[in-house]
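Top to bottom, those sequences are chains A and B. Going by this note's numbering, the first sequence wraps up at 115, each residue one higher than the last. Going by this note's numbering, the second sequence wraps up at 111, each residue one higher than the last.
Treat the hints with care, as some may be off.
Claimed, not checked - In silico DSS-like links for lysine-lysine, alpha-carbon gap of 30 angstroms or less:
{"no.": "1", "chain 1": "B", "residue 1": "K43", "chain 2": "B", "residue 2": "K98"}
{"no.": "2", "chain 1": "B", "residue 1": "K57", "chain 2": "B", "residue 2": "K98"}
{"no.": "3", "chain 1": "B", "residue 1": "K57", "chain 2": "B", "residue 2": "K68"}
{"no.": "4", "chain 1": "B", "residue 1": "K68", "chain 2": "B", "residue 2": "K98"}
{"no.": "5", "chain 1": "B", "residue 1": "K57", "chain 2": "A", "residue 2": "K15"}
{"no.": "6", "chain 1": "B", "residue 1": "K57", "chain 2": "B", "residue 2": "K43"}
{"no.": "7", "chain 1": "B", "residue 1": "K98", "chain 2": "A", "residue 2": "K15"}
{"no.": "8", "chain 1": "A", "residue 1": "K15", "chain 2": "B", "residue 2": "K43"}
{"no.": "9", "chain 1": "B", "residue 1": "K98", "chain 2": "A", "residue 2": "K103"}
{"no.": "10", "chain 1": "A", "residue 1": "K103", "chain 2": "B", "residue 2": "K68"}
{"no.": "11", "chain 1": "B", "residue 1": "K43", "chain 2": "A", "residue 2": "K103"}
Hints listed in this document are in silico derivations from the structure and should not be mistaken for laboratory results.
Chain residues, written in single-letter form:
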Amino acid sequence: ETGVTQSPTHLIKTRGQQVTLRCSSQSGHNTVSWYQQALGQGPQFIFQYYREEENGRGNFPPRFSGLQFPNYSSELNVNALELDDSALYLCASSLADGEGKLFFGSGTQLSVL
Amino acid sequence: QKEVEQNSGPLSVPEGAIASLNCTYSDRGSQSFFWYRQYSGKSPELIMSIYSNGDKEDGRFTAQLNKASQYVSLLIRDSQPSDSATYLCAGGGSASKIIFGSGTRLSIRP
Chain A
3 ETGVTQSPTH LIKTRGQQVT LRCSSQSGHN TVSWYQQALG QGPQFIFQYY REEENGRGNF
63 PPRFSGLQFP NYSSELNVNA LELDDSALYL CASSLADGEG KLFFGSGTQL SVL
Chain B
2 QKEVEQNSGP LSVPEGAIAS LNCTYSDRGS QSFFWYRQYS GKSPELIMSI YSNGDKEDGR
62 FTAQLNKASQ YVSLLIRDSQ PSDSATYLCA GGGSASKIIF GSGTRLSIRP
């Protein structure tokens, strides 16, 4: 167990809807990263948050947005859902200590119909 | 060109043998490298980190890094059926995004 919790575990949405995924980071960790993992692929970096600011973004459109709160928990919001957004969404927390070790939550499985 | 490349496998290794997993990366600015294990239906679990050229050993696992060749490897000695999983190689800057490869499926046959 990493101490990183994500909710919900599963979600079914229809195309065009909006979704919010939540993540609580491991105690003492101040950085949260979000990844999208399609079936059979490696995790794709969406963005990272440090001290409530976006600190790096991958190749994802603006309809993917996020927030980090003062307690270091985080949200991932996806607007105008598309079928290709169906994937496992992983949250990982880490320390801003230069080592970059990521500790993952169990993920949210999103299905877009 | 993908930033982190791995052979997707599957790699089949007999129980008790050494499993060798390889990875190359394109960003010469990367300073941190990791191996994660992911069981089917589960999230990635960190098993090794390496930051300097050379070898780093932890139990049955040895990570190897060669920055000149932009090459990272993982050796698993005395492979066990419980080692059957997908192994993800990842790399990145010290405080920025960590990029993952597509993973290598490892199967340990009894």
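Structure-based check of all given hints:
no.: 1; hint: B:K43 - B:K98; in the structure: holds, 22 angstroms
no.: 2; hint: B:K57 - B:K98; in the structure: holds, 23 angstroms
no.: 3; hint: B:K57 - B:K68; in the structure: holds, 14 angstroms
no.: 4; hint: B:K68 - B:K98; in the structure: holds, 19 angstroms
no.: 5; hint: B:K57 - A:K15; in the structure: violated, 45 angstroms
no.: 6; hint: B:K57 - B:K43; in the structure: holds, 26 angstroms
no.: 7; hint: B:K98 - A:K15; in the structure: holds, 28 angstroms
no.: 8; hint: A:K15 - B:K43; in the structure: holds, 22 angstroms
no.: 9; hint: B:K98 - A:K103; in the structure: holds, 11 angstroms
no.: 10; hint: A:K103 - B:K68; in the structure: holds, 19 angstroms
no.: 11; hint: B:K43 - A:K103; in the structure: holds, 18 angstroms
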